[in-house]
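Got chain A; can you put chain B on it based on the hints?
If you're matching them up, the sequences are chains A and B in order.
If you're matching positions, the first sequence starts at 1 in the numbering used here and goes up one per residue.
If you're matching positions, the second sequence starts at 1 in the numbering used here and goes up one per residue.
Note that these hints are calculated values from the structure, not bench results.
Beta carbons: idealized from backbone N, C-alpha and C, even for Gly.
Hints should not be assumed to be uniformly reliable.
To give an idea of the chain B side of the interface with chain A (calculated C-beta under 8 Å), a few residues [what the hints assert, rightly or not]:
no., residue
1, Ile40
2, Tyr57
3, Ile59
4, Tyr64
5, Trp103
6, Ser105
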Amino acid sequence: MAHRVLIPTALRPFTRMQAAVEVEGPSLGELLQALVRAYPELRPHLYADDGRLRSYVNVYVNEDDFRALQREETPLAPGDVVSLVPAIAGGMR
Amino acid sequence: MIVLADGVLTALRMHAEKAYPEECCGILLGTLQDDTRLVIEARALDNTSPEPRRRRYWIGPEEYRAAESAANSRGWQLLGFYHSHPDHPARPSAYDLAHALPWHSYVILGVEGGRAGEWTAWVLAADRSRFEPEAQREEARWRIEC
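Chain A with its partners taken away, still in its complex shape:
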């Protein structure tokens, strides 16, 4: 079952400038893994070296933050749309 994944501006250079791609996955975690297999250059920007999603990566299933769901274990239903939305953090030290 393919789901629509919305790609933020920052990551579009790694999805051939597509703002949305179709990826299959029965759960959110499997969908994200399928996404980085399809677009390998995304991986270092989505995942840290320890394999966890980077802290600035926010994932929504429809309008729901995946942290309020079952995180990567969240099952996906037909028609669910997944959005990747970064947060921006920084500072001088």
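Then chain B, alone, in the frame of chain A:
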């Protein structure tokens, strides 16, 4: 190259000085032509960092999404972000690097004793190992013509 349209740098400096001694932050909207990013509008955002705002800034996902929508509605791009370094050089920190997004421009303003000074612009290297300086220019042409 990143080019700040006339008035943008003034807006950034005013925001940085108003926020002092805390860091300010905001978004940069404009157009992309070949390798030139023309910043037409800077939008100041509240620094909502839960950490000390004298050394941290935070722009949440809702703001990122709103910024993309604002850019799209005008046929522009969300080109990047700016923030200030109060009493600290306008150079990206290790913390900046660890949290940086690819592709976007990061503009940093130094603020010394409440007065905005140097500005610099940076883009994350493809391998995330460092920031690369971005050629920068303030576009004063419109001011001269007026």
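Hints, one by one, checked against the model:
For the restraint placing Ile40/B at the interface with chain A, the shortest Cβ-Cβ distance is roughly 16 Å, beyond the 8 Å limit, so the hint is violated. A least Cβ separation of about 6 Å between Tyr57/B and chain A falls short of the 8 Å threshold, and the interface hint therefore holds. The closest approach between the C-beta of Ile59/B and any C-beta of chain A is roughly 4 Å, which is under the 8 Å cut-off, so the hint is satisfied. Taking 8 Å as the C-beta contact cut-off toward chain A, the hint placing Tyr64/B at the interface holds, the least distance being around 6 Å.
Taken as an interface hint, Trp103/B checks out: its beta carbon lies about 5 Å from the nearest beta carbon of chain A, inside 8 Å. The closest approach between the C-beta of Ser105/B and any C-beta of chain A is roughly 11 Å, which is over the 8 Å cut-off, so the hint fails.
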